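Protein sequence lines, in the order shown, are assigned to chains S and P.
The numbering of the first sequence is our numbering, which starts it at 1 and goes up by one.
The numbering of the second sequence is our numbering, which starts it at 1001 and goes up by one.
It should be emphasised that the hints constitute simulated quantities derived from the structure, not laboratory data.
On a predicted model such as this, the values are computed, not experimentally measured, just so you know.
The beta-carbon is built from N, C-alpha and C at its ideal position, and this holds for glycine as well.
Please note that the accuracy of each hint is not assured.
The calculated DSSO-like cross-link candidates involving lysine-lysine, where the alpha carbons are at most 27 Å apart (straight line), are [said to hold, decoys possible]:
| # | chain 1 | residue 1 | chain 2 | residue 2 |
| --- | --- | --- | --- | --- |
| 1 | S | K200 | P | K1058 |
| 2 | P | K1058 | S | K283 |
| 3 | P | K1068 | S | K195 |
Not close to chain P: a few residues of chain S, all C-beta gaps over 12 Å, as computed [unchecked claim]:
| # | residue |
| --- | --- |
| 4 | A114 |
| 5 | E138 |
| 6 | E142 |
| 7 | T210 |
| 8 | N271 |
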Amino acid sequence: MSKIKPSKGAPYARILGVGGYRPVRVVPNEVILEKIDSSDEWIRSRSGIATRHWANDEETVAAMSIEASGKAIADAGISAEQVGAVIVSTVSHFSQTPAVATEIADKLGTDKAAAFDISAGCAGFGYGLTLAKGMVVEGSAEYVLVIGVERLSDLTDLEDRATAFLFGDGAGAVVVGPSQEPHIGPTVWGSEGDKAGTIKQTVPWDRFRTGDLSTLPLDSEGNVKFPAITQEGQAVFRWAVFEMAKVAQQALDAAGITPDDLDVFIPHQANMRIIDSMVKTLKLPEHVTVARDVETTGNTSAASIPLAMERLLATGEAKSGDTALVIGFGAGLVYAATVVTLP
Amino acid sequence: MAATQEEIVAGLAEIVNEIAGIPVEDVQLDKSFTDDLDVDSLSMVEVVVAAEERFDVKIPDDDVKNLKTVGDATDYILKHQG
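Build out the structure end to end from the sequences listed, making use of the hints.
This is the structure in structure tokens:
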């Protein structure tokens, strides 16, 4: 038997840079109210959302990713040629193949970086970060770009008063690279497929192939509705607040961090009510800065954590070197939580 | 020991007071959580989870929507408490 030479990785990994892109168009609740019977007060009290960004035709999944990634690469102080792998988490790239990651890797100017998409809903950033950490430590890439990007406005039923106001568009990216000290803790992650129906797409794409549109949902004008994301609000809220608080605590314990050691909490920006209840359930001390980007960005699924991270650092609410707990959770159901040092 | 109807109402009143800021004396058997006590659907989930802990009872998501009034919740807990 021949001896195979192993790859040589870094002792540890860390997030070296972060970047975000928010579409130019800001959409206030008044616009949402054109199609649903609700009120600004109702939307704010149930979600904490005042405005969100919706992408225009030029702000594609790839274009937004490239903008966010360029900033993350610059923030990390590396060049695009040094990026060895590009991981994109999205549920709103509408070409089944090829993966959007390859176009992004090419347009950024990487040197034929490995590139692929993953599907892990609102936990996608944590899943990508976990893969990236493993790749850096294992040695298959020195620097890995992790992108969370969504155009959820394309998957929003604007006539559904329970979800029309929730979703937004945008891209967030981080560069993960080598470190002599551990700066990304153990990931606590998993899936609960028995709850797959709790957050889902209204109809699968292949329902459009049969030519029989009679079984498809119609809008108020009788047109066939594009698939959209739908959810069971109370069930999601209960799972997110109470089950995910346990996962968040496990991630703290796994990293050997107490709430008192924590500087920043960046949960998936699903809904302000979920964020507030999680903070209460976790009994986070007053000094912990909590990301509340959902107010002006809406729920951007896989993009929400890096976008919130970028904003906290840009506004000075958090600083480089801070210890942050990040947790993503969503359709699957899937979740991923870990403790990181902010770039 | 299982809680009595009176104890359950008193417990629910404390929970609703803590979560939604409603005065405890307003929480009566005939009051609707949504219409009378201004407990919205998400706060209702918090009330249910707190009640589960306090009264050692499981209230699945599917049953939560049937708990319209304080009386509904009290009856449910009386019947299902451990």
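Okay, the hints, checked on the actual structure:
Between K200 of chain S and K1058 of chain P, the direct Cα distance comes to roughly 26 Å. Compliance with the 27 Å bound is thereby established for this hinted pair. Taking the CA atoms of K1058 of chain P and K283 of chain S, the gap is near 23 Å; set against the 27 Å cutoff, the hint holds. With a C-alpha separation of about 25 Å, the suggested pairing of K1068 of chain P with K195 of chain S holds against the 27 Å cut-off. No beta-carbon of chain P comes within 12 Å of the beta-carbon of A114 of chain S; the shortest separation is about 41 Å.
Taking the minimum C-beta to C-beta distance to chain P, about 41 Å, the non-interface status of E138 of chain S holds against the 12 Å cut. The non-interface label for E142 of chain S is consistent with chain P: the shortest C-beta to C-beta separation is roughly 45 Å, beyond 12 Å. Distance to chain P confirms T210 of chain S as a non-interface residue, since its nearest Cβ pair spans about 32 Å, more than 12 Å. The non-interface label for N271 of chain S is inconsistent with chain P: the shortest C-beta to C-beta separation is roughly 8 Å, within 12 Å.
Figure legend: structure checked against the earlier numbered hints; the only hint not met is number 8.
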